[in-house]
Every structure is written in structure tokens, then in C-alpha cells.
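K.L.:
Just remember that the working numbering sits 60 ahead of the position in the sequence shown, which is counted from 1.
Just so you know, the hints here were simulated from the structure itself, not pulled from any lab data.
Being a predicted model, the structure only gives us computed values, none of them experimental.
Honestly, I wouldn't trust all of these hints.
Said to hold, decoys possible - Only pairs whose alpha carbons sit at most 30 Å apart, straight line, appear in this in silico BS3-like list of lysine-lysine: (1) Lys362 x Lys275; (2) Lys275 x Lys111; (3) Lys177 x Lys263; (4) Lys263 x Lys275; (5) Lys275 x Lys297; (6) Lys263 x Lys246; (7) Lys111 x Lys177; (8) Lys246 x Lys111; (9) Lys246 x Lys275; (10) Lys362 x Lys156; (11) Lys300 x Lys275; (12) Lys300 x Lys111; (13) Lys358 x Lys246; (14) Lys159 x Lys111; (15) Lys300 x Lys362; (16) Lys263 x Lys296; (17) Lys177 x Lys296; (18) Lys263 x Lys111; (19) Lys263 x Lys358; (20) Lys297 x Lys263; (21) Lys111 x Lys362.
Said to hold, decoys possible - Have a look at the derived ranges for each label pair, beta carbon to beta carbon: (22) Glu299 x Glu171: 53 to 61 Å; (23) Glu244 x Glu328: 33 to 41 Å; (24) Ala151 x Gly316: 16 to 24 Å; (25) Asp148 x Gly270: 56 to 64 Å; (26) Ser258 x Asp330: 50 to 58 Å; (27) Leu146 x Arg232: 38 to 46 Å; (28) Glu183 x Asp327: 33 to 41 Å; (29) Ala286 x Glu183: 14 to 22 Å.
Positions of the beta carbon are idealized from the N, C-alpha and C atoms, including for glycine.
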Amino acid sequence: MSQTTESGSDGSQNNNHNDQQGEVEMLRVVACIDGSRAAPAVCDYAAWASKHMQNPVTLLHVLDEERYPAEPDLAGSIGLGSREQLLDELAELDRKRSKLALEHGHHMLDEAERRLKDAGVAEVAKRQRHGDLTESLLSLENQTRLLVMGLHGESSSDRDIHIGSQLETVIRSMHRPILLVPDEFKAPQSAMLAFDGSDTAFKGVELLAGSPVLKGMPLHLVMVGADTNDRWEQLKKAEKMLAGLESEITLAIRAGDVEPTLHAYQDEHDIDLLVMGAYGHSRIRQFLVGSTTTTMLKTAEKPLVILR
61 MSQTTESGSD GSQNNNHNDQ QGEVEMLRVV ACIDGSRAAP AVCDYAAWAS
111 KHMQNPVTLL HVLDEERYPA EPDLAGSIGL GSREQLLDEL AELDRKRSKL
161 ALEHGHHMLD EAERRLKDAG VAEVAKRQRH GDLTESLLSL ENQTRLLVMG
211 LHGESSSDRD IHIGSQLETV IRSMHRPILL VPDEFKAPQS AMLAFDGSDT
261 AFKGVELLAG SPVLKGMPLH LVMVGADTND RWEQLKKAEK MLAGLESEIT
311 LAIRAGDVEP TLHAYQDEHD IDLLVMGAYG HSRIRQFLVG STTTTMLKTA
361 EKPLVILR
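Throw the hints in and build the complete structure from the sequences for me.
P.N.:
Printed below as a string of C-alpha cells:
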């Protein structure tokens with residue numbers, strides 16, 4: 061059972077066991093922060109999105125129940141040579157670790173709030189939960205317009221950079237756009253949509269057309285595959301759907317493998333933000349699109365928007 065602590069911008073905190081309470085409020089940009097190097101960038105990108113979308117921000121810190129259990133369970137430690145006093149001391153140490161981790165989380169949330177306020181975000185809410193990350197995010201899904209997360213986990217280092225261990229589970233579970241960000245912030249000046257002409261892709265185009273984030277920003281619609289008349293017609297249809305953004309739109313079809321081809325195009329045109337769909341539902345689509353998305357997560361060096 062996850063526990064929630066919620067803070068207002070005045071720093072006061074109170075227990076809240078009803079995550080449905082804020083459903084009638086305006087949708088929010090939810091920024092998920094932890095102890096990783098990406099946390100400051102998560103705040104900066106959340107502030108950027110909040111100002112463009114005119115949505116308030118919720119800062120979320122989730123304390124992993126497995127690493128920091130609210131109540132230690134040492135039943136599995138009882139065996140040959142076990143001493144009750146030692147087990148009690150171990151349990152007390154676990155409680156202290158959890159308490160310190162919660163306090164550290166409070167400090168991170170306070171620092172993140174200050175960073176967002178300094179960036180010009182007027183309304184910031186803070187939430188801290190003790191439980192599972194995906195479950196915590198799903199409980200806020202009805203209040204979420206955009207989720208912002210770091211690409212790299214807390215255990216990443218200069219020598220060993222890898223995607224967050226729970227990132228794929230979150231992407232598969234959430235049905236809101238997710239902005240995944242690198243460790244350094246750079247305000248996006250251009251964007252590209254990885255487009256495949258599917259019904260899902262057109263739903264993504266429709267979603268982008270209704271969002272103010274990309275309004276006026278140069279936008280590239282890129283297909284990877286054979287250069288055919290049908291594909292050009294699909295691109296032109298998508299272009300018309302995006303006319304309301306008043307953006308300079310470039311259409312392109314490139315041959316090659318999906319992941320390296322998209323990255324090469326992005327590098328060639330110095331594009332800041334890549335937008336793409338996530339995992340499909342059919343077995344074939346789940347294999348193709350799922351593996352592509354996973355590879356893009358591992359190789360991305362710039363912010364990536366996953367549409368669900």
C-alpha cells in the first residue's frame with residue numbers, strides 16, 4: 061500500500077490518501093524527480109513545458125518500497141544462529157534509512173520547487189509517495205497532461221550510462237505523453253516526428269496539432285522506408301492536420317534501419333526534440349515498434365517525447 065505526502069507551495073505537508081481528489085482541477089505537468097543527475101534538467105524541461113502549455117506543475121518523488129520499506133520484514137532472515145536482538149537492530153537501521161530517505165526527498169522537492177519558481181512557474185505542487193513508481197504515476201494519470209522524466213537512472217555514471225530501470229514499465233503503462241530528458245537542459249528550438257502512416261501515428265499528429273508546445277517551431281515529419289507515392293500522400297495529409305501550428309514543416313522519407321536513420325536525420329538537421337509513438341499492441345507491431353522505442357531510449361542524447 062503506497063503512502064502519500066502532499067505539500068503546497070507554502071511548504072506545509074499533510075497526509076493524503078485520496079489521489080482522485082484533484083481530478084476536477086486543471087491538468088498538470090508532472091515532473092518525476094529522484095537523486096539522479098537528470099533531476100535539475102527534469103525541472104527545467106517541466107518549466108519550459110508548463111510555460112508553453114500554461115499548465116501548473118506537480119513535482120513527484122517516489123521512494124521505492126523495495127529499497128526503503130516503510131516497515132522492515134526480516135522473516136526471511138530467521139535461521140541458524142539468528143539472534144532476536146540483532147534482527148531488531150537491523151530492523152531499526154532499515155527504519156532509520158527509510159526516514160532519512162524521506163527527509164532527503166523533502167529537501168529535493170523543496171529545491172526543485174525553488175528552481176521552478178525561479179524559472180517563472182507560478183503554481184507548483186509537491187507530492188511524495190512511498191511505493192511503486194508506476195502505480196504512483198497511474199494514480200495521477202487523470203490529472204496529467206504531460207509527464208517529464210529523466211532518461212538516465214540514479215545509478216548512471218559517466219562510464220556507465222543506462223536508461224532508468226523502471227522507464228519501460230512506465231511507458232507501457234501510462235496513456236499520457238511522456239517527455240524523457242537528458243542530463244542537461246537546452247530549450248528546444250526545433251522538432252521532428254517519426255511518422256509511419258499508421259492510425260496510431262495519425263492520432264499522434266492530431267495530439268500535436270492540439271498542443272501549443274510546438275506552435276511556431278520548425279517541424280520535420282520523417283518516414284523511414286520505401287519512397288512511394290502512398291507514403292508521400294500520408295505525409296501531406298499529416299502536414300495539413302498540423303497547419304494550425306503555423307510552423308515551417310519539412311517532409312522527408314529516408315531508407316534504412318529505423319533507429320540509426322532517425323538519429324542521422326536528427327543530427328544532420330540539428331533537431332532538438334524527437335517525437336515518436338510507443339509500443340503497439342499486436343505481436344508483430346509490439347516487436348517492431350517496441351524494440352525501436354527501447355533502442356531509441358538507450359541511444360537518445362536529446363529530449364524524446366513518447367506519445368501513447
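K.L.:
If you check each hint against the structure, which ones fail?
P.N.:
Hint check: 3, 10, 14, 17, 22, 23, 24, 26, 29 fail, others pass.
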